[in-house]
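*Asks:* For chain A, the structure is supplied; the task is to place chain B on it using the hints.
These protein sequences, in sequence, are chains A and B. What the first sequence shows, in our numbering, is residues 9 to 143, in sequence order. What the second sequence shows, in our numbering, is residues 327 to 465, in sequence order.
Because the hints were derived from the structure by calculation, they are not lab data. The structure presented is a predicted model; accordingly, all values stated were derived computationally and were not measured. We put the beta carbon where it would ideally sit given N, CA and C, even for glycine. Worth double-checking, as some hints may not be accurate.
Simulated pairs of lysine-lysine, DSS-like, Cα-Cα distance not exceeding 27 Å [claimed, not checked]: (1) B/Lys448 / B/Lys459; (2) B/Lys459 / A/Lys48; (3) A/Lys142 / B/Lys459.
Computed spacing ranges between beta-carbons, pair by pair [what the hints assert, rightly or not]: (4) A/Tyr136 / B/Arg454: 54 to 62 Å; (5) A/Asn22 / B/Leu330: 13 to 21 Å; (6) A/Gln56 / B/Leu447: 43 to 51 Å; (7) B/Asp404 / A/Gly126: 57 to 65 Å; (8) A/Ala137 / B/Met436: 20 to 28 Å; (9) B/Thr438 / A/Ala137: 53 to 61 Å; (10) B/Ala416 / A/Glu99: 33 to 41 Å; (11) A/Thr114 / B/Ser423: 44 to 52 Å; (12) A/Arg16 / B/Thr438: 45 to 53 Å.
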Amino acid sequence: MSDFLFDRLYSGLNNVLDIRSQQHALSATNLANAETPGYKARFIPFDQVLENAVMSTDSMAMNRSESAHFVGTGAVSNPEVEEIEAPPWVENGNSVFAEREMARLTSNSMVYGALTRGISTRLSILRYAASDGKS
Amino acid sequence: MDILDTLNIAGSGLSAQRLRLQTIASNMANARTTRTEDGTPYQRRVPIFETLEIDPFGSDVERNIAQVEVSSVETIEDYVEVYDPAHPDADADGFVSFPDINILEEMVDMMTTSRTYESNLKVVDLTREMAMKAIELGR
Numbered sequence: 009m010s011d012f013l014f015d016r017l018y019s020g021l022n023n024v025l026d027i028r029s030q031q032h033a034l035s036a037t038n039l040a041n042a043e044t045p046g047y048k049a050r051f052i053p054f055d056q057v058l059e060n061a062v063m064s065t066d067s068m069a070m071n072r073s074e075s076a077h078f079v080g081t082g083a084v085s086n087p088e089v090e091e092i093e094a095p096p097w098v099e100n101g102n103s104v105f106a107e108r109e110m111a112r113l114t115s116n117s118m119v120y121g122a123l124t125r126g127i128s129t130r131l132s133i134l135r136y137a138a139s140d141g142k143s
Numbered sequence: 327m328d329i330l331d332t333l334n335i336a337g338s339g340l341s342a343q344r345l346r347l348q349t350i351a352s353n354m355a356n357a358r359t360t361r362t363e364d365g366t367p368y369q370r371r372v373p374i375f376e377t378l379e380i381d382p383f384g385s386d387v388e389r390n391i392a393q394v395e396v397s398s399v400e401t402i403e404d405y406v407e408v409y410d411p412a413h414p415d416a417d418a419d420g421f422v423s424f425p426d427i428n429i430l431e432e433m434v435d436m437m438t439t440s441r442t443y444e445s446n447l448k449v450v451d452l453t454r455e456m457a458m459k460a461i462e463l464g465r
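Pulled out of the complex, with its shape left as it was, chain A reads as follows (with noise of 0.2 Å):
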């Protein structure tokens, strides 16, 4: 795929989406198995991804121009996935709780929304341009 027509932003989109429906996918499974004896909660620590990401020295990570500028976002395929411990009070030892996790798939198919409208933007942007500004 040509750098210049698909830049790190694009697949830096991209790869967010990816990890979103991952942790879509997760919670799906946290409620399926919200009565299951002895099931923990599991899903994608979005800050630690976030911190992989900047750390990360590979060959997507960006460049800085200018110091006080955020550090650039590398690409993150594989995900870790934690898992949350229930806590001693709840009997059946099942660390799933409906609302956290409600809110949990609401806010990321909320971000899943705008990833995709992102993406759209991005390349709605590539073809005014490839269209001669004739829109």
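*Replies:* Structure of chain B alone, referenced to chain A:
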């Protein structure tokens, strides 16, 4: 892992909760049943939920997504003895064995079942929404 996996997970949750509702209905309907086919009182049924891994050899995320399945429905052999000598099924001392079913407990179970069912439906809704957004990429 794709969007169908997520729908299947939510689907497994829906069918597990539906089966649970059926056992609850059966328990409530048979709360006073003293005669079953083998002559004993009805025994309370409890569905056993287990996680069902989809892809045990995938990435960290793929290993962690799982469906839910009802591995078995177990019966609990527990009776309540009630003194009622006039009952046709009373023993020599006048006690009748009724199934140990607490209607209030079943009602609470029924409410959590319907909440969990709703949350799984919500997952189906959101998954469909997200899939539509992905389809409309670049429009």
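*Asks:* Could you work out which of the previously given hints the structure breaks and list their numbers from low to high?
*Replies:* 2, 4, 6 and 8
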